Amino acid sequence: MDPNKTLEQIRALAKYIGDHDYDALVDLVNSLDSWLSKGGFLPDRWKGASCVPVDTTAQLRRALHEINQSLHEAEEALHDARTILNIKLPHR
Numbered sequence: 001m002d003p004n005k006t007l008e009q010i011r012a013l014a015k016y017i018g019d020h021d022y023d024a025l026v027d028l029v030n031s032l033d034s035w036l037s038k039g040g041f042l043p044d045r046w047k048g049a050s051c052v053p054v055d056t057t058a059q060l061r062r063a064l065h066e067i068n069q070s071l072h073e074a075e076e077a078l079h080d081a082r083t084i085l086n087i088k089l090p091h092r
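The opening position of the sequence shown corresponds to residue 1 in my numbering, with each subsequent residue numbered one higher.
Any given hint might turn out to be false.
DMTMM-like mimics (lysine to aspartate or glutamate), calculated; alpha carbons at most 20 Å apart, straight line [claimed, not checked]: (1) LYS38 x ASP27; (2) LYS47 x GLU8; (3) LYS47 x GLU66; (4) LYS88 x GLU75; (5) LYS38 x GLU75; (6) LYS47 x ASP33; (7) LYS5 x ASP44; (8) LYS5 x ASP23; (9) LYS5 x ASP33.
Label-pair ranges, simulated between beta-carbon atoms [unchecked claim]: (10) GLY39 x GLU76: 40 to 48 Å; (11) GLU73 x ARG11: 38 to 46 Å; (12) LEU78 x ASN4: 31 to 39 Å; (13) SER37 x LYS88: 43 to 51 Å; (14) LEU89 x TRP46: 33 to 41 Å; (15) ARG82 x VAL26: 42 to 50 Å; (16) ARG11 x LEU78: 21 to 29 Å; (17) ALA81 x ASP44: 35 to 43 Å; (18) GLY48 x LYS5: 14 to 22 Å; (19) ASP2 x THR83: 39 to 47 Å; (20) PRO90 x LYS38: 40 to 48 Å; (21) ALA14 x LYS38: 21 to 29 Å.
Hints are computed from structural coordinates only; laboratory data are not their basis. Here the structure is a predicted model, which means the values were calculated and not measured. From the three backbone atoms N, C-alpha and C, an ideal C-beta is built for every residue, glycine too.
Take these sequences, add in the hints, and give me the full structure.
Right, here's the structure in full:
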C-alpha cells in the first residue's frame, strides 16, 4: 500500500465525485485508514504537520459525511437550476 498514491487518488476522486462514486471513495479512505491504523507511514503531504492524537476513523467518517452532504446540496441546487431553465438530461 502506498499512502501517497492513495491520498492522491482520494483527493482526485473527491473532486470528481459528481457522479456519486461513493464506493470507490469509501474503499480508498478505508484502505488508507487501515494502513495508518496498523502503523503505516504517513503520506508525504501529511509529514511535518502538527499531530494530535485523534480517532482517525471517526474523522474520516465525519469527512465522508460532510462530502456526502455537500454533494447532496449541490445536486439539489443543480436540480433546481435545471427545473428553472427547463433542461432535460438523458437517463443513463
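A quick look at each hint next to the structure:
no.	hint	result
1	LYS38 x ASP27	holds (17 Å)
2	LYS47 x GLU8	holds (14 Å)
3	LYS47 x GLU66	violated (24 Å)
4	LYS88 x GLU75	holds (15 Å)
5	LYS38 x GLU75	violated (37 Å)
6	LYS47 x ASP33	holds (16 Å)
7	LYS5 x ASP44	holds (10 Å)
8	LYS5 x ASP23	holds (18 Å)
9	LYS5 x ASP33	holds (14 Å)
10	GLY39 x GLU76: 40 to 48 Å	holds (41 Å)
11	GLU73 x ARG11: 38 to 46 Å	violated (21 Å)
12	LEU78 x ASN4: 31 to 39 Å	holds (33 Å)
13	SER37 x LYS88: 43 to 51 Å	holds (46 Å)
14	LEU89 x TRP46: 33 to 41 Å	holds (39 Å)
15	ARG82 x VAL26: 42 to 50 Å	violated (28 Å)
16	ARG11 x LEU78: 21 to 29 Å	holds (23 Å)
17	ALA81 x ASP44: 35 to 43 Å	holds (39 Å)
18	GLY48 x LYS5: 14 to 22 Å	holds (19 Å)
19	ASP2 x THR83: 39 to 47 Å	holds (44 Å)
20	PRO90 x LYS38: 40 to 48 Å	holds (45 Å)
21	ALA14 x LYS38: 21 to 29 Å	holds (23 Å)
Of the numbered hints listed earlier, those contradicted by the structure are 3, 5, 11 and 15.
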